[in-house]
Amino acid sequence: GAGVSQSPSNKVTEKGKDVELRCDPISGHTALYWYRQSLGQGLEFLIYFQGNSAPDKSGLPSDRFSAERTGGSVSTLTIQRTQQEDSAVYLCASSQFASTVNQPQHFGDGTRLSIL
Amino acid sequence: GQQVMQIPQYQHVQEGEDFTTYCNSSTTLSNIQWYKQRPGGHPVFLIQLVKSGEVKKQKRLTFQFGEAKKNSSLHITATQTTDVGTYFCAAYPGSQGNLIFGKGTKLSVKP
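Protein sequences, first through last, are from chains A and B.
Numbers in my numbering are just positions in the first sequence, counted from 1, shifted up by 28.
Numbers in my numbering are just positions in the second sequence, counted from 1, shifted up by 332.
These are computed hints drawn from the structure, not numbers from a lab.
Predicted model only: the values in this text are computed from it and were never measured.
Nothing false has been slipped in among the hints.
Among the chain A residues that face chain B by a calculated CB cut under 10 Å, a handful are:
hint, residue
1, I75
2, S86
3, V117
The C-beta atom is built at its ideal place from N, Cα and C for all residues, glycine as well.
Go ahead and model the full structure; you've got the sequences and the hints to work with.
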């Protein structure tokens, strides 16, 4: 596709369940980012993948959160034992890699996660 | 860690009035990016500023990067209802890595 694709668009689950969120970046983009945005708030950085390098996990809020990126393309963000405070919109973004110039990030439409 | 502070948090204007949002950093930035997020939408890249004192224009939007590369502003002339949304500034802490976003300025325009 032409843009970043995220699925599902909405997810409602019960507290304590595990959830998996998927992100399909723009073809050819080597950098992939996950953010969390609570209602009316800014973007909270979660994790960053760049090519085959070890991901920057410094933004993950707890060990219940994990993410992987297979084959340098599709990424999944997994939240185990979900809590109500995990309710938010989870945004994925991708960008081209450039050694000297920062690239703009292209965002998907997000997954709206609601924990009952 | 590096932070970018953005003010104001909210701005309500009458259609036709001007609007400005400011972004400040305690450290020198290599560059700064601006994004717009419409209500219910996702952030969309607007522009990147790289050079000290740089000024760029996109129709009614004027973007500035300070001489010391520690602050930036976005000015909208004669706002329209289509300008409604949240405007974020963002910067990379180094040459690469995660983008640090300001908390955004939410603009509402009364017709």
